[in-house]
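Protein chains in written order, with my numbering: chain A, 1200 to 1573; chain B, 1200 to 1573; chain C, 1200 to 1573; chain D, 1200 to 1573.
Treat each hint with caution, since some may be false.
No copy is singled out in the list; a pair is fine if it fits within one copy or between any two copies.
To be verified - List of simulated lysine to aspartate or glutamate pairs, EDC-like, C-alpha gap at most 20 Å:
hint	residue 1	residue 2
1	K1469	E1512
2	K1469	E1458
3	K1248	E1265
4	K1220	E1265
Hints in this document: simulated from the structure, not taken from any laboratory.
There are 4 protein chains.
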Amino acid sequence: MAGSTFGTIFQITTWGESHGKALGVVIDGCPAGLPLNEADIQQYLDRRKPGTSSIATQRKEADSVEILSGVFEGRTTGSPISLMVRNTSQISSDYSEIASCYRPGHADYTFDQKYGFRDYRGGGRSSGRETLGRVAAGAVACKILAQLGVTVCAYTRSLGPVEADMTRFRRQAILNTPTAMPDPEADKAALRYLEQAKQDCDSVGGCMECIVEGLPAGVGDPVFEKLDANLAKAIMSIGAVKAVEIGDGHQVSLRYGSENNDGFRMTDGKITKVTNHAGGILGGISDGDTLILRAYVKPTPSIFRTQHTVNRELSEIDINIKGRHDPVIVPRAVVVMECMTALTVLDAMLLNMSAKMDSIAAHYGRPHTPVQTS
Amino acid sequence: MAGSTFGTIFQITTWGESHGKALGVVIDGCPAGLPLNEADIQQYLDRRKPGTSSIATQRKEADSVEILSGVFEGRTTGSPISLMVRNTSQISSDYSEIASCYRPGHADYTFDQKYGFRDYRGGGRSSGRETLGRVAAGAVACKILAQLGVTVCAYTRSLGPVEADMTRFRRQAILNTPTAMPDPEADKAALRYLEQAKQDCDSVGGCMECIVEGLPAGVGDPVFEKLDANLAKAIMSIGAVKAVEIGDGHQVSLRYGSENNDGFRMTDGKITKVTNHAGGILGGISDGDTLILRAYVKPTPSIFRTQHTVNRELSEIDINIKGRHDPVIVPRAVVVMECMTALTVLDAMLLNMSAKMDSIAAHYGRPHTPVQTS
Amino acid sequence: MAGSTFGTIFQITTWGESHGKALGVVIDGCPAGLPLNEADIQQYLDRRKPGTSSIATQRKEADSVEILSGVFEGRTTGSPISLMVRNTSQISSDYSEIASCYRPGHADYTFDQKYGFRDYRGGGRSSGRETLGRVAAGAVACKILAQLGVTVCAYTRSLGPVEADMTRFRRQAILNTPTAMPDPEADKAALRYLEQAKQDCDSVGGCMECIVEGLPAGVGDPVFEKLDANLAKAIMSIGAVKAVEIGDGHQVSLRYGSENNDGFRMTDGKITKVTNHAGGILGGISDGDTLILRAYVKPTPSIFRTQHTVNRELSEIDINIKGRHDPVIVPRAVVVMECMTALTVLDAMLLNMSAKMDSIAAHYGRPHTPVQTS
Amino acid sequence: MAGSTFGTIFQITTWGESHGKALGVVIDGCPAGLPLNEADIQQYLDRRKPGTSSIATQRKEADSVEILSGVFEGRTTGSPISLMVRNTSQISSDYSEIASCYRPGHADYTFDQKYGFRDYRGGGRSSGRETLGRVAAGAVACKILAQLGVTVCAYTRSLGPVEADMTRFRRQAILNTPTAMPDPEADKAALRYLEQAKQDCDSVGGCMECIVEGLPAGVGDPVFEKLDANLAKAIMSIGAVKAVEIGDGHQVSLRYGSENNDGFRMTDGKITKVTNHAGGILGGISDGDTLILRAYVKPTPSIFRTQHTVNRELSEIDINIKGRHDPVIVPRAVVVMECMTALTVLDAMLLNMSAKMDSIAAHYGRPHTPVQTS
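Only chain A is shown next, with the shape it has when bound in the complex:
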C-alpha cells in the first residue's frame, strides 16, 4: 500500500525509477480473450516518448515495451500481464550536484522527509518517467474500451494564455501538432509562446482536456466511489496537476440553477440532455452523455535559472539545474491523462456488471423477473 496500485478489478501496479534499470507495470484482472501485442502498447508509449520535438526533453529513449507474461497465442489469458521498458539513456552524473539539495517545486524535500533518503537520480520515482507504466497499462484499457464502443481522447486545451478554439477541433491534429492541440492555429501561437519562455530560461503551464464518448448511462457508484471522484483522483495523481474539473468545472460557482441544470429531452426515442454542463455525470454515475474532464498543469519546475534554496545540511544555497527538461509538461502528459481516464472508466464498467440481480441472473443463465415499479 505504498500507493503504486490503481483500480479494483482491472488493477495495475507500476514500478521503476527515472534512472534505474527499467520501468514497468503489472496488469492484474485483464479479462481473457483480448487480442494483444506489443504494437498495441507501443503506439501509446510513443506519444509520451521524449526527444521528439524541440519542446520536449532531449533525452533519447526508445521506450520499447516487452510483454513478459499474460498473453498466449496473441490473446490475453486472464493472468497478470507484465510489461517492461528498459532504461537506456540514463546520465546520472547530471544529478550528482543536486543530490544533496532541495530543488524548488520538486519532491526532493518531501521524499527525504518521508523516507529518510532518496534516489536522487532524475527524480527517481517522482520523475515523469513513472508514467510509462500508466501509459502501457492504459493502452490495454483503451483497446478493451474500443471493443465496447467507448473512445477516450485527450488533448492540450491551452498553454499559458494560448487556448485552442474548439470550433476548429480536428482530432488528427492532436497527434500531429507538437503541442497536442486539436487546433493547428493555436498550436502555432503556443509554439511562439513556448519559444519565448525557453529563451527566458523559463517554463510554462497549461490545461489539458479529455472527453469520453460512447459510455453507457449507469456506470459509476454513488457516495465515495463516484465516477467523477475516481477520475479526480486518477487525474490529480499525475505529477504537476493542480486542479481537476468535470463538465463546466469551476465556472459553475458563478451560475444560477436555472442556467446550470441540463434538461432532459427525448431524441430519436432515447433520453438525452439539452446541454451538458454536468460533463456526463450525475450523482457520480454516467448519464450517457460525453464525459468532459479538465486538468490544470503547473509549469515545469526545472528551469535553467539560478534558484535560491536549501540543502540537506540545512544551508541556503544557489543552484543551477542541469539535465534535460521539457519547458512544458502538457503535450507529453496528454496521453497520460487519456490513459488514466481509460483505466478509471474501464474499471467502473467492470464493477458495474454486478449492480443488478437481473444482470447476475442473466450471466449465470438464471433468468430473473425484473423489478417492476408501481
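Guided by the hints, dock chains B, C and D onto chain A, whose structure is given.
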C-alpha cells in the same frame, strides 16, 4: 464495493437514505484510547443541520447521534464505532409526484439506469443527508488530529460573485455567519445575493476552501496514492462539487515556472518555503506548509420554477419541484469538506507510520541504525 | 482496516459487542432488485439464537433484526443495507470479577496487549455474539445464491468422538436436532456425551462440515484469491476454529497420487468427476462438483471449574468463571459457517462476471468473437 | 483483482507462467532503509530451485533473480521493488499432447471454464513456478522480520506415513536433507518411501509445519482479519494444500475444555502460557508464544501412469503425462510456506502500529496520556 466505504486504516462505511428509518456510519480502525462521547460528534452534525437559517432547507431534524458500539468507559476500544441518526421529519408525500420523472441536475435518471429503479423519496441515497455519516465520522477524525497538533478548517470562499476578502479572515465568523464565510462583510453581501435568487425562484453556486495546519512534512505517498489525489477524490465525492484545486489550482496554468516555484529557506533552524503556491504538497507528499484546497459547487438543482424534462415512460413533461430545499449548498457543505479532508489526512498519517525501517524498529523496541547517505 | 470488513464486491462490515447497546452489519454492494424483508434474515438469526436448548447458553435474547436502509418497496435498491439487533439481556455484573484477569483460552490478554485495555463485559468484541452480523448478512447472500441455483448447507459432523454417519444423512435433522447433526442417532449419542461433560463442569469440541451444491465450474481465482484460500480465511475467522479442510483435507497427506486424483468422465454430455477428493476446487477454481469444507472447533474455553491464571497486576490467581456459557460451540456455529461460506462463494461469483471479454461484451451489448483455440 | 496481489501495507503482486519469458513480483510498501541485495533473495530461491535432488523435477533452471527497481546504494527506497527471474529451460513441446485434454488433479479444466482457454504449457499460471514471486518477496519480508527479532522456520513434518520425530529436531537438517525434514532419521525413511512410490510410477503427499518465534503479543486483528484467518488464506493459497491448522489443529475437536485451555503463568516477571495448544494466537491476536501452523499437501497430480480422462472435445481418452515432475511437492514447498507466513506476519505487524492512540502520538512526537483502567 458499491462505494460506501472510504479510507484504508481509518475506514468508514456510511449508510442510509434521506427518507429511510435512519442514517449512520461504521468507523473501523479507530485507534484505541481516544476519549469520545456523543457531544464530540454532535457539534459537527449541528453545523450541517437543516432548518437553522433562512438559506437552509426548512426540514426540521434534530439529527441526534447515538454511539452504538466501540466506546467503553468513555474511550474508544479499537472496535468498530457504530453511529446512528434516526430520521424524524420525513415527508415522503412531497415526492410522490416526481417518483416517475427525471429532475434536471439530479441523479434520478442515472440511478434508474444503474439499478433498474430507485428510492425516489428525497433523493434516497443521493440526498445531501447521505453526508451525515461522513460528518459523524469526520468529527472523530478531527478529534484525533487535534491530539496530534493538526487542525482542519473549511469555510465558504465565495457565493456566486461575492468573494470573502481574506485580509478580513476571522475564524469565529465561519461558525457564526449564515454563509459560513470568514469575512462578515462578504457574508452580508452574499445574503443579499441569495435573497434575490430566492425571489427569482432560483439557486446559486459557490466555492469552499479548506486549510490544514500543523501537518508534518512527509505524509502521503507518491504515484496513485498522492495526498492531493486522495484529497481530490474525497472532495469530488461530495455531491455537487464540480472542480477541486490544490494550492493555486487552475491559476498555475497561466504561470511561468520562475513565478510558480516555491523557494526553500531556513527559518529559525527549520526548512520553510518562501511562498506556498503548491498548497503544502510536493510530489504527493506534505511539505510541512499549510494545505490549501478549494472546491467549486454547482447551484442547487432543485429550483422552484417549472422545468421541462422526461419521465420513466419516456414522455416529455413539465415539472414543479416541491419539498424543502436549500437555495445554496455551500454553507452546509463546508463542514462536509472539513470532515472529508480530516478523514483523508488522518488516514495518510496512520499509513505513514510504517514508511521507514527506523520507525518500525523503534515501535517494536528494536533500535535500528538510520540510513546514512554519502 | 481493523478487520471488520469482509468481501470485495458483496462487502460486509460488522460492529457491536456482547454487552453493548446493539450489534449489526452494513452490507455494501448488494445487487439491486432482490426481494428482501426481515423474516428472510430472522430465520437465520434464530438458528444461532441462545437459550433454545439445554446445550446452549441460557442468556435469553430475542435477537430481532431491523432493516434500517437499502430496501425500498420490498426490494434491495443497491444502496447499503444496514441491519441492527438490539441487546436486551446484558448482565454485565457477571463480568466484574474477571475484568482484571486473563481467562485461559480467551482473548482477554491479547486484547489488552493490542489495545491497552478492553471492554471486558462478556468478551466485548471477541464474544460469539459478534457473529450476529455475519449471519444477518449471510442470510442475504444465501437468498441471492438460491436465486442463482446455489445452495449452502452446514451441519455438525462430530462432537468429541461421536461422529454423524453420513449414510443416515437427513437434511431436515440439521434444523431439528439440538446438535445440528444430520443423523438423529448420532445426535442422541452426542447429547449423552455432552451431558456427561456438563456434569463434569467441562466443555467439548467438534467438527462442522459445509457443502455447496449447484455452483458452476469456473468460479474463483488462481494464486492468492483462490476460492479455497478465501474459504479458509472465512472459516478460520470464526472464533474457536483451529483447522480448515477442503475435500479430503488432512487425509490427502497419506495418499498416493493414483488414489487421490479425481478422473474426469462424460455423464449425460457433461464433464464430471468420478470421485471428489478435491472437494470441488482445482487450482483455486470451482470444478462444478459439490464444494466440501470442514472446520474443527475447540472446546468452549469458559468452563465451570477453578482455573489458575494471571491478572492485569501480574499476580497469579485462581478464578471461577460465572456467566452463561455453551458447553459446546459447534451446534450454534454451524449457521455461521454456512453464512461465511455463502458470503465467500457469492463474492467470487460476482467477481467472476468480468473474467472473459465475451461476458463483458455481452453485458454491454457488444457481441464479441469468442476465442478459438487451435 | 484477478487475485495476484497479497497484503495490505507490505503488498506483493506476482506475475508469470511456467513456460513464459519470465516470472516476477513487485513489492509495494516495503519500508525505506532496509539493506538489500540480490544474494539476500537468491538464497531463498535456491531452496525451491528444481533439479537439485533425485526427488525433485529434473528441469534445470538457474532461477537467478534481478532487482529492477526500488533499491538505491544498497538500501530500499520505499519505492516498489521489482524482482524478475527469466525462464531458461522451457520445453513446451512436452505439453503439446496435453494441450487439449484435462489432466486429473490439475487446473486445466477449471481454467478453461473460467477463461475460455488457457496457456497449457506446463500449467501456465497454475504451475508451481508461480511461487517464485512469493519466495522472492518472502525473502525480503524475512529479512525485515529478522531485524525486528522475529524468525520464521518451515520444514517437512511428514511424508506419507513417515513422520519427523520432533525430539530429534535439528534446524540445520531442514536445509541439508533432501526431504527438508528436521529429523535426519525420518529423512532416510521418507526417501525409501519416496523411492518405492517412484518405482510404482506414483506420487505421495505429506505435511509441512511452520513456526514463528519472537513475535510480540498483540499482533493481528479481531473478526475477519484475525492473524490465523490470514495465515489460513496465505497457506491454503499454495497449490496442493488441502488443510491448514493452527496449534493443535483438528485434534482439538476430541478434547475437553479442561485439557485444551492454556493456563497463564508468571515467568521471570512476564506473562507466559503453561502449554501452547492454541499455537500462539487467541482471538485472532498473537499471544507472545510460538506460532505453530501446519499444512497438508496432496500427492503430485502428475503421475507416470496411464490415466483415463476427458478432452476439450468432450471425448473420453487415455493420457500419459510427460514432462519433468516432482514425485512429492512438500520438500520444495516448505520455503513457500515459510515465505507466505513471513509476508502475513510482517503485514500484520505493520498494520498494528496504529492500533493505539499512544503509539500514534509517540510516532508524531505528541506524548499522549495512556489509558487508565479503573
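Hint by hint, here is what the structure shows:
Taking the shortest alpha-carbon separations for K1469 and E1512, only the inter-copy value of 11 Å comes in at or below 20 Å, while the best intra-copy value is 66 Å. Neither within a single protomer nor between protomers do K1469 and E1458 lie at most 20 Å apart by alpha-carbon distance, with minima of 23 Å and 50 Å respectively. In this homomeric assembly, K1248 and E1265 come within 20 Å of each other (Cα to Cα) only inside a single copy, at 16 Å, whereas the closest approach across copies is 26 Å. In this assembly of identical chains, the alpha carbons of K1220 and E1265 lie at most 20 Å apart whether taken from the same copy (14 Å) or from different copies (10 Å).
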